[in-house]
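For chain A, the structure is supplied; the task is to place chain B on it using the hints.
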Amino acid sequence: MAQSAEEIPARLKKIDTIVDCDFHVTERQEDILPYLPEPWSNVFGRSKGDDYGFLSSLYPSAGLINPITTGKVQSESVRSKEEAQVGIDLIHSDKVVITPTLNLYLGCVRNEEVAAALAHAYNEWLLDTMIDTDRGMYGAAVVAPQKPQKAAEEIDDRASEDGIAAVFFPSGGISPLAGAEKYYPIYEAAEANGLPVMMHNASGNMMTAFPRAFADLTRFISSHVVAHPMMHMCNMADMITRGVPVRFPDLNFVVQEAGLGYIPYFMRRFDHEYHSKKEDAPMLEAEPSEYIRRNFSFTSQPIEGTGEPEYVDSMVRLMGGEDNLMFSSDYPHLDFDYTDEMMNLLPSFDVDELNNVYGQNALETFDF
Amino acid sequence: MSSEPVETDDGKTLYPVEPAANLGEGERITVNIKGREITLFNSNDEFHAVLNFCPHQGGPLCEGLLDGTLTMEDWEWTYSCDGEIVSCPWHGWEFDIKTGEHLSKSDYRVPTYDVVVRDGEVYVVE
Chain A
1 MAQSAEEIPA RLKKIDTIVD CDFHVTERQE DILPYLPEPW SNVFGRSKGD
51 DYGFLSSLYP SAGLINPITT GKVQSESVRS KEEAQVGIDL IHSDKVVITP
101 TLNLYLGCVR NEEVAAALAH AYNEWLLDTM IDTDRGMYGA AVVAPQKPQK
151 AAEEIDDRAS EDGIAAVFFP SGGISPLAGA EKYYPIYEAA EANGLPVMMH
201 NASGNMMTAF PRAFADLTRF ISSHVVAHPM MHMCNMADMI TRGVPVRFPD
251 LNFVVQEAGL GYIPYFMRRF DHEYHSKKED APMLEAEPSE YIRRNFSFTS
301 QPIEGTGEPE YVDSMVRLMG GEDNLMFSSD YPHLDFDYTD EMMNLLPSFD
351 VDELNNVYGQ NALETFDF
Chain B
1 MSSEPVETDD GKTLYPVEPA ANLGEGERIT VNIKGREITL FNSNDEFHAV
51 LNFCPHQGGP LCEGLLDGTL TMEDWEWTYS CDGEIVSCPW HGWEFDIKTG
101 EHLSKSDYRV PTYDVVVRDG EVYVVE
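Line by line, the protein sequences are chains A and B.
First residue of the first sequence: 1, per my numbering; consecutive thereafter.
First residue of the second sequence: 1, per my numbering; consecutive thereafter.
Treat the hints with caution; some may be incorrect.
Said to hold, decoys possible - Label pairs and their calculated CB-CB ranges:
id, chain 1, residue 1, chain 2, residue 2, range
1, B, SER80, A, PRO347, 47 to 53 Å
2, B, GLU25, A, THR69, 24 to 30 Å
3, A, GLU304, B, GLU25, 54 to 60 Å
4, B, GLU25, A, GLY320, 45 to 51 Å
5, A, ALA237, B, GLY58, 24 to 30 Å
Calculated from the structure, these hints are not laboratory results.
Remember, predicted model here, so these are calculated numbers, not experimental data.
For every residue, glycine included, the Cβ atom is placed at its ideal position computed from N, Cα and C.
Pulled out of the complex, with its shape left as it was, chain A reads as follows (with noise of 0.2 Å):
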């Protein structure tokens, strides 16, 4: 590696301590199999999967081409403490709160049994082999959702083992939602133990969840909370990284009642991913926030975050507001914007940015 562990960027040497919340390890099936309790120890013992166990029946993937799976991306091991301390000198962090890899997986094992007993076996094995508190390498205690009361037994035991620092919660795929009455026995030991509960996806088996997670909602307002936003992004996620834009340059999409605040933080995001993973969309000739700037149009309401002028402001400005978004009311629902609700909370825009927004951009729009 370029860097080494004297090279400390100046940046860095203002603050105190740097603690990693999120040091993954990159535990094998292999790793985790010996530790499994009966029956599965016998069961499973006889074969030991592929070599890294996503292909295999106990962890389900999606399946999808990244830059690890074409080899652009040389992720390094670390299943040992001495490989963990390579990426501790590497980040000059001084503590890590140690994260699974292989188990981000484990909320969409279908068998409940076997994914208690792979949490159990993942914290043996995470224990016996990475955790090292004299180091700074502590770790967070696995827990099979599926089976919640296995769950706070697994964490009842664990909590007191030195450098066990957290709860890890693998929270994609999961059906119900987190806020189920089903896993409270998991919130009622983490919280008795004094231990956080992390949550993490991983893309992959949130694809397997995200229809079930719509139909997991089981309130209005979280629904629409997310559910607005959530089904844009996906929509326009799918449509610019299969190259709708180029098929269609001149076609227009107006996407509507979501909010402003994905919008930028959706732009900047699809454009950090596809500039590690351009070979995923080669037909892109520009940035994917390029596209959704050219050929999508926004539509106001509802507008979150209207005590903070600022907060508006900045959204609209972010998104290219000036040029994209167009006035709408949603009357007569319930949440619908009055005429000049807007205006107040855009103190930045100038006379014609506001005509723009209040009526010019949607005259370029739509065909009057």
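Frame of chain A, contents of chain B only:
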């Protein structure tokens, strides 16, 4: 290194890296020139010199995979530019070793250096 830097008539300096015969097709060597790590690639029987520093987050760019990239023509996936693209092993940012250009982000560029071969020795030009 087998020889000393050579000053040229036009004010440049040739820094010797390696006898050309020692660097086979697809091989690379990283040397320190005036405090900078510079990697010399022999790719497709041409030499290319690239700074071993990813402008994204400072990763060791030239330690990464040297291959091609997936591209698209008429909406068909193709594999092209074999041996011309180096991927930073930290985050997979891809750069053309001939030009130093990032494949998707035009404002990111890694420095490249001219290379000459004299009397069987490969020099990086500065």
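Here is what the structure says about each hint:
1. B:SER80 with A:PRO347: 47 to 53 Å: holds (50 Å)
2. B:GLU25 with A:THR69: 24 to 30 Å: holds (26 Å)
3. A:GLU304 with B:GLU25: 54 to 60 Å: holds (58 Å)
4. B:GLU25 with A:GLY320: 45 to 51 Å: Given about 47 Å between the Cβ atoms, the range holds.
5. A:ALA237 with B:GLY58: 24 to 30 Å: Taking Cβ atoms as reference, A:ALA237 and B:GLY58 lie about 29 Å apart, which means the hint holds.
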